[in-house]
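There are 2 protein chains.
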Amino acid sequence: MERTLIADIIKKTDEKVRIFGWVNTRRDHGKIVFLDIYDRSGLAQVVAESSLSGNLHPQDVVCIEGKVAKRPEKLINPNLETGTVEIQAERIEILSKAEELPFDMGGKDLDLQLPTLLDYRSLTLRHPKVREIFRVQEVVIDAFRDLLKKKGFTEFQSPVIIPQTAEGGAEVFEVKYFDTTAYLAQSPQFYKQIMVGVFERVFTVNKTLRAEPSVTTRHLTEVTTLDAEMGFISSWEEIMETVEEVIKYILERVEKECVKALNYYGVTIPKVPQSIPRLKLREAQEIIFQRTGIDHRRESDLDPEDEREITRWAQEEKNSDLVFITHYPVSKRPFYTSEDPKDPGYTLSFDLIGRGTEWLTGGQRINNMDLLLERAKERNVDIKKSELYIQAFRFGLPPEGGFSFGSERIVMHILGLANIREASLFPRDMERVDVRLSTLK
Amino acid sequence: MERTLIADIIKKTDEKVRIFGWVNTRRDHGKIVFLDIYDRSGLAQVVAESSLSGNLHPQDVVCIEGKVAKRPEKLINPNLETGTVEIQAERIEILSKAEELPFDMGGKDLDLQLPTLLDYRSLTLRHPKVREIFRVQEVVIDAFRDLLKKKGFTEFQSPVIIPQTAEGGAEVFEVKYFDTTAYLAQSPQFYKQIMVGVFERVFTVNKTLRAEPSVTTRHLTEVTTLDAEMGFISSWEEIMETVEEVIKYILERVEKECVKALNYYGVTIPKVPQSIPRLKLREAQEIIFQRTGIDHRRESDLDPEDEREITRWAQEEKNSDLVFITHYPVSKRPFYTSEDPKDPGYTLSFDLIGRGTEWLTGGQRINNMDLLLERAKERNVDIKKSELYIQAFRFGLPPEGGFSFGSERIVMHILGLANIREASLFPRDMERVDVRLSTLK
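Chains as they are written, first to last, in my numbering: chain A, -5 to 435; chain B, -5 to 435.
Just chain A, same shape as in the assembly (with noise of 0.2 Å):
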């Protein structure tokens, strides 16, 4: 017999079926079993003979075949797709045995510690209300490539492993690459913006890999991020009209497919007017003199406490849970950034804040060569060393900009998750690649 999806069983009541899955839960009622089966499709009631199900328990994989059944009225359960109907088992195979539980599963919610949450990853990522978030997470990555490529993006590979650390710092990780050493990517903006050379408009969805020295709740060892780079812009506003797109499209589409997700954490997702707000730096502090009596007036960059602020201001002024801060000051963004040439020292550069905190970063670029050179020198970055950067601006690269933003903090942000760490399949940091690296040593 074939195998019949879970989610079509209510399409084949009174019907033989064979269905394939998971035990997740098992109710016993005397002589009869209670068993709740789930795929990747849905979940349904397995009804069985207490002889059939053995010592079926959760997390058994398993093969039944049995006959769909219309459950009377009053054991109708309308919180399931499948709640009509449930399956009279007439066979049951265990393909797959699993070890006792160490923690019940078959919850709504899977209240466990950050810790044990990432010791059993490869089981607690079953539990429906962790696999969701990481539908989201394919959505977000999904919106973001369908939008730029109905734009006239193309989408390109860019690499991991990097000759040079140009872009500076010392939050990069070392390889050893046969007699020499290389580094890994901490971005791919070299790469982008060489590739607005080849193909105008690009975007790479790519991991980037930062050694990140601190435990916060927002900061990963490697993340997916999802960066794109257009030539030819008319003003480096176009590239915030783009990120404007970007994210409404990522939002909707977040809305439309992540039912069950913003279910599981009682969100909705976040509002955006037609047009969202922008400030300068400056004009983002002076609100929050006025609004807190704090005066952060003198500082080149918002403070955690100053982004909360701003974005209440945001919400209570513009009704917009996210709101542009442009025109940070030179010192504070990389060398290749344009500056504006009417508001001297400060940059055509923005920042996305959302909910509160940091969610995109972006800017228009210098495509001058002999300028970019200089602000590198000024900056003591060593750039001769990127040569196929250099290349690329010694060969005619037009006005460009672009932005960038990682999958995992646009995901924690929208189903407000705790910690960064669970919008990450398998999140790396200082302490814990797949296993504490304690235990390693």
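Check the hints yourself; a few may be wrong.
[Stated by the list, open to error] Ranges of calculated distance between the beta carbons of each label pair, as one might list FRET restraints:
{"id": "1", "chain 1": "B", "residue 1": "F97", "chain 2": "A", "residue 2": "R306", "range": "57 to 65 Å"}
{"id": "2", "chain 1": "B", "residue 1": "D364", "chain 2": "A", "residue 2": "T78", "range": "36 to 44 Å"}
{"id": "3", "chain 1": "A", "residue 1": "S45", "chain 2": "B", "residue 2": "E231", "range": "33 to 41 Å"}
[Said to hold, decoys possible] Simulated pairs of lysine to any residue, SDA-like, Cα-Cα distance not exceeding 25 Å:
{"id": "4", "chain 1": "A", "residue 1": "K242", "chain 2": "A", "residue 2": "G146"}
{"id": "5", "chain 1": "B", "residue 1": "K145", "chain 2": "A", "residue 2": "L74"}
{"id": "6", "chain 1": "A", "residue 1": "K379", "chain 2": "B", "residue 2": "M424"}
{"id": "7", "chain 1": "B", "residue 1": "K91", "chain 2": "B", "residue 2": "C57"}
{"id": "8", "chain 1": "A", "residue 1": "K145", "chain 2": "B", "residue 2": "E132"}
{"id": "9", "chain 1": "A", "residue 1": "K144", "chain 2": "A", "residue 2": "E235"}
{"id": "10", "chain 1": "B", "residue 1": "K378", "chain 2": "A", "residue 2": "E94"}
{"id": "11", "chain 1": "A", "residue 1": "K6", "chain 2": "A", "residue 2": "E67"}
[What the hints assert, rightly or not] From the structure, some residues in chain A lie toward chain B, with a derived Cβ separation under 10 Å:
{"id": "12", "residue": "S116"}
{"id": "13", "residue": "R120"}
{"id": "14", "residue": "R422"}
In short, the hints are calculated from the structure, not lab data. Predicted, not measured: the structure shown is a model, and the values here were computed from it. Cβ atoms here follow ideal geometry from the backbone N, Cα and C, with glycine treated the same way.
With chain A fixed as given, assemble chain B onto it according to the hints.
Chain B only, in chain A's frame:
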């Protein structure tokens, strides 16, 4: 004035337009200069007075305003999509000036030796014959993703940094990971098997990194790999059927969407019959022996000439450019490969051979933990270190299998490229990471 994409000028005869792009070629005819200008959409001829075109030369980035004019009948270029019109320039602005090119980029071919092709990668990628290779790569990856999503597969993000090298081999890169050592993933194999426990059917598009100590035309140290894994298979043949669907769909999409690339390389899509021929390794060796007298019937694998010979057989006898070779000996396949109960000593595994070389590899996996641990032990694989992998089996995994192939390799074989480095935007090998490593010492 708004930008008009070059491909759209044919709809704007007698109108004034503004185009942005790069100078491809310049031909001086006394007071008149003919410029070929291209952008991401296409290429057009611009006619300008020499006073207007100044010292413009190839790869300069320009903005040109002018009138779109019908060409006289005899000057129509049928090989160019915009060949019925030209732009009569009224204003030319240089947005970015390029250096003198080290070689001619204006011809249909780019006849360079590989080292030069790679030393000037940021420039050579702009040549249409080179650029189109990467549209093929994009379509291959998109088609893989598209088809599998339709078949109920979920995409997941597999990690690059891993704690151990359980799959073994010396060809693994070491990473200095804080005060310990981590490794770079040579394949997402263990993770995709874990994910079968979560989503049943999964795939991942991933960078895989391998310290290949050879400098052949077929090996890179960094590859973009396409991996799929599926649970609840009815038999291992279901995996091959899925491969057939995937490969056919990829080739169909390339045929339809990559006409330019196929024309540049003068190739056609490989022939694939309704069902790709399947031979056990021993049957293939017997056929080769019968056809050539070369007796490799006791070898445990095909050598390169065997692969070419069995391809010739498939072409001649089965009208197929592709052939599956199955049932490699247990010793030649990874420890987690299922043995065929009906053919002891041989595995439920396959390679797909295309146009004389291996394209893809796959098979059914062992899903019984005790057997898996036993097989690992026999092969001296220290699998206990891969705690999360074992955990997936401890808590129940269904019968499953999958397949894996490199996007660069399939692109190389579709287009008939001589060297896999041509199919990688920024190829990495033991001698080069963007720049020749010898120059870094």
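Results of checking the hints against the structure:
Separated by about 58 Å at the C-beta atoms, B:F97 and A:R306 satisfy the suggested range of 57 to 65 Å. In this structure, B:D364 and A:T78 meet the distance hint of 36 to 44 Å, their C-beta atoms being roughly 41 Å apart. Between A:S45 and B:E231, the C-beta spacing of about 35 Å keeps the proposed range 33 to 41 Å intact. Annotation: proposed proximity of A:K242 to A:G146 holds, straight-line Cα distance about 18 Å (limit 25 Å).
Using a Cα cut-off of 25 Å, the hinted pair B:K145 and A:L74 holds, with the two alpha carbons roughly 24 Å apart. For the given pair, A:K379 sits about 19 Å from B:M424 by alpha-carbon distance, which is consistent with the 25 Å threshold. This hinted pair checks out: B:K91 and B:C57 have alpha carbons roughly 12 Å apart, not beyond 25 Å. For the given pair, A:K145 sits about 16 Å from B:E132 by alpha-carbon distance, which is consistent with the 25 Å threshold.
Pair hint A:K144 plus A:E235 holds up; C-alpha atoms about 15 Å apart against a cutoff of 25 Å. Between the alpha carbons of B:K378 and A:E94 the distance comes to roughly 19 Å, so the proposed pair stays at or under 25 Å and holds. Distance hint between A:K6 and A:E67 is fulfilled; the C-alpha atoms sit about 18 Å from each other, no more than 25 Å. Against a cut-off of 10 Å between C-beta atoms, the interface hint on A:S116 holds, since the closest Cβ of chain B lies about 4 Å away.
Interface restraint check: A:R120 against chain B, minimum CB-CB distance 5 Å, threshold 10 Å, status holds. For the restraint placing A:R422 at the interface with chain B, the shortest Cβ-Cβ distance is roughly 5 Å, inside the 10 Å limit, so the hint holds.
Going through the hint list in order, the structure satisfies each hint without exception.
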